[in-house]
Every structure is written in structure tokens, then in C-alpha cells.
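Engineer: Now for the letters of each chain:
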Amino acid sequence: MSLLPFCQWLAETQGSIALHESLYMYPLVESAHVLTLCLFVGMSVLLDLRLLGLTMRRIPVREITDRLLPWMIAGFVLMVVTGVLLFYAIPIRSYQNVFFRLKMITLVFAGLNAWTYHYGIHRKIDEWGSAVKPPTRARMAGAMSLILWAVIVVSGRMIAYNWFDCDLGQSAFINWAAGCVPGVR
Amino acid sequence: MFDYFHAIEFSAAGQVLKNSPWAFAVTESVHLLALSVIGGALLAVDLRMLGLGLRRQKIPELASEMQPILVASLIVMLLSGAVLFTSEAVKCYYSYPFWVKMSSLALAILFTFTVRRKVTRAEDGRISPIGYRTVALVSLALWFAVGAAGRWIGFSG
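Protein chains in written order, with my numbering: chain A, 1 to 185; chain B, 1 to 157.
Accuracy of the hints is not assured; some may be wrong.
Within a straight-line C-alpha distance of at most 25 Å, the following computed DMTMM-like cross-link-like pairs (lysine to aspartate or glutamate) qualify [to be verified]:
(1) B:Lys58 x A:Glu21
(2) A:Lys133 x A:Glu63
(3) B:Lys18 x B:Asp3
(4) B:Lys58 x A:Asp165
(5) B:Lys91 x A:Glu21
(6) B:Lys91 x B:Glu9
(7) B:Lys58 x B:Glu123
(8) B:Lys18 x A:Asp165
(9) B:Lys91 x A:Asp66
(10) B:Lys118 x B:Glu28
(11) B:Lys18 x B:Glu28
(12) B:Lys58 x A:Asp126
(13) B:Lys91 x B:Asp3
(14) B:Lys58 x B:Asp3
(15) A:Lys133 x B:Glu61
(16) A:Lys133 x A:Glu30
(17) B:Lys18 x B:Glu88
According to the in silico footprint, chain A covers these stretches of chain B (three or more CB under 8 Å from chain A) [claimed, not checked]:
(18) 54 to 66
(19) 101 to 108
Pairwise CB distance ranges (calculated) [as the list claims (entries may be wrong)]:
(20) A:Gln8 x B:Lys118: 31 to 39 Å
(21) A:Leu69 x B:Phe2: 16 to 24 Å
(22) B:Arg121 x A:Val77: 53 to 61 Å
(23) B:Thr134 x A:Leu3: 15 to 23 Å
(24) B:Phe2 x A:Asn175: 44 to 52 Å
(25) A:Tyr161 x B:Arg56: 53 to 61 Å
(26) A:His118 x B:Leu140: 28 to 36 Å
(27) B:Arg126 x A:Val108: 46 to 54 Å
(28) B:Ala72 x A:Met104: 27 to 35 Å
Calculated from the structure, these hints are not laboratory results. Note that this is a predicted model, so its numbers are computed, not measured. Virtual Cβ for every residue (Gly too), placed ideally from N, Cα, C.
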């Protein structure tokens, strides 16, 4: 199943065209998307480093999750809203962009990692939350989160480059990975 | 001043960076990753001074935990920023957002390592709640200006 027809339809909607062609709205949305990194990824990094026992060792993990999770969720919501708007402005090119696809796949893994942590070792946080060095499963979740979000940030930035755009003529692998269809750009 | 910027961009290092298709993108990625980290280190303490976030922690303790993260990420930001600048110094010279960013960056660094440092290190009760709030808001405003103007360099020209 291809989402290309949906993207083609989306690209023809008035809102998409208006946002795409806007002088200030698109840059403002993108700036908000980038600066929200400080809030969302910044707070996640602090939690991940605590799970690895690398910072705030005297502060119980529960304290950090209780107090910082609301900020992380707010940051994530802002990220998703601005991210959806960015996609809405440029649907076809984004859909056929290898870095966009890599980012979406990595996002799923980051979500699974967070879910596994939250419904796994985090449930027993009262047993280990005060330890300087949390148990292996918690440290693994922290390390995985750092790696996955780094990949998401970097691949997100790379979407802006046109190296692998379908209309430039690509190798068979890129054509497959980006889902290039002749004549569609 | 312009001659100086021109010389940087057309130096051997500037040309190597300019002619590499990946160098700018990779350096910018590093710049963005460090942005995420410095954002967390600044926000944790500024939010705390506003009575939000990790508010059960003592400000001096939290600030000293965040200090190495702040300094390390700032160094990465400055180094990667210098590389980005070297590859497009002439564009920066003509970029209004670039000068806004550099001015607010100078102020932000100055403020962070003088006033903010002194206030976050002060013992309990020495600083009034309004004092903490003011310092936090000034810090947030200055660093926000740096980030927003920085993003805008890429949109102009």
C-alpha cells in the first residue's frame, strides 16, 4: 500500500499550498520545531543520563520522571504539531525522502523503547529509583533513547538536503528506499 | 571587517569545507545535537528558578549538576558553529540574523557565567524569589534570541 495518492491529494489542498508558499509561516513553524528540541530532547537527555547514572545521581529517578515528564510531553506535543505542519506543507517530497523515512522508522523504535521502559522496569522504580546506578534494563533504555533520538535529530536535519531526491535520478537502492515513482515529484 | 570575513571563507579550511558536500550538513547536525543538550541543561535550572520542574531540589545543587553538561555542550556549539561560519563567512557578514545572534550570544555567555552563575551558587535565602525569577527570565530570553536568530541565518539568503 502506498501513501503517495494521499500525499498527492494533500499537496493540492489550499492549506498545504498556502503554508508551502508562505513567506514567514513556514520558517516560523520550522523554527518552533527546531527550538522545541531544547525542551523535548533536552529534558529526555537529562533523564537518559540519570538512568545511566551520569548526572543528578543523588536525585531519585522517580523525582525526575514525575517533575520533568509533563515538560517532555508538552515538548513532544509541540514537536508533533509543528512536524505534522511541516509535512503538510511539503507532503510528496517528504514522503519520498529517505531521511524522512528513516526518521519515521526510528521514531517508532524510540516509542517502543519508551513504552518498554515505562511498562517494564519503571513499574518497580520504588525498588531501584534511588540507586546511583540503575539496573541494566533501565540503563539500556537510557542508552537506546540517546542513540535513537540522536538518529532522529540528524535524519530530521538531513531531510532538507536534496542529495537523494527522486527527480535527480537515483540508484536502484535509493529509488526503492524512497519509493520513487517515475514522473511524480 | 569584511576583508577579514572574506579571508576566512577563502582560506584553505573554508574552501575544503565549502567544496565538501557533506561537511556542512554533518557539522550542522552536531550543532543541533549540542543545541538539544544545552537546552536541557539551561532549562532545568531556569525552570527551577521559576519554581517549576525539579522544584524539590536545591538550586545550587541542581546548577552544579548541570554545569559540566552546560559547559561541554557550549564548547561543542562554539566549535561546530565556528566551522559552519568558516564555510560561509561572507554570507554571514551580510546576514542581519547573524549579527543579532552574535550580539545576543555574547550577552548570553556573559550573563550566564557572571550573574546567573553567582545567583545559582548563592546559599539558601540569599536571593529573593523575584531575584531568581528575573535571572531565569533574562537567561531564557537571551538564549532564545541566540537560537531563534541562529535558525534564521539559514532562511535569509
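Engineer: Are the hints correct? Go through all of them and say.
Structural biologist: Comparing the hints with the structure gives:
no.	hint	result
1	B:Lys58 x A:Glu21	49 Å, violated
2	A:Lys133 x A:Glu63	15 Å, holds
3	B:Lys18 x B:Asp3	18 Å, holds
4	B:Lys58 x A:Asp165	51 Å, violated
5	B:Lys91 x A:Glu21	24 Å, holds
6	B:Lys91 x B:Glu9	9 Å, holds
7	B:Lys58 x B:Glu123	9 Å, holds
8	B:Lys18 x A:Asp165	21 Å, holds
9	B:Lys91 x A:Asp66	45 Å, violated
10	B:Lys118 x B:Glu28	32 Å, violated
11	B:Lys18 x B:Glu28	13 Å, holds
12	B:Lys58 x A:Asp126	22 Å, holds
13	B:Lys91 x B:Asp3	13 Å, holds
14	B:Lys58 x B:Asp3	50 Å, violated
15	A:Lys133 x B:Glu61	19 Å, holds
16	A:Lys133 x A:Glu30	38 Å, violated
17	B:Lys18 x B:Glu88	8 Å, holds
18	54 to 66	holds (count 8)
19	101 to 108	violated (count 0)
20	A:Gln8 x B:Lys118: 31 to 39 Å	58 Å, violated
21	A:Leu69 x B:Phe2: 16 to 24 Å	50 Å, violated
22	B:Arg121 x A:Val77: 53 to 61 Å	34 Å, violated
23	B:Thr134 x A:Leu3: 15 to 23 Å	50 Å, violated
24	B:Phe2 x A:Asn175: 44 to 52 Å	45 Å, holds
25	A:Tyr161 x B:Arg56: 53 to 61 Å	44 Å, violated
26	A:His118 x B:Leu140: 28 to 36 Å	29 Å, holds
27	B:Arg126 x A:Val108: 46 to 54 Å	49 Å, holds
28	B:Ala72 x A:Met104: 27 to 35 Å	30 Å, holds
The structure fails hints 1, 4, 9, 10, 14, 16, 19, 20, 21, 22, 23 and 25 (numbered hints given earlier, in ascending order).
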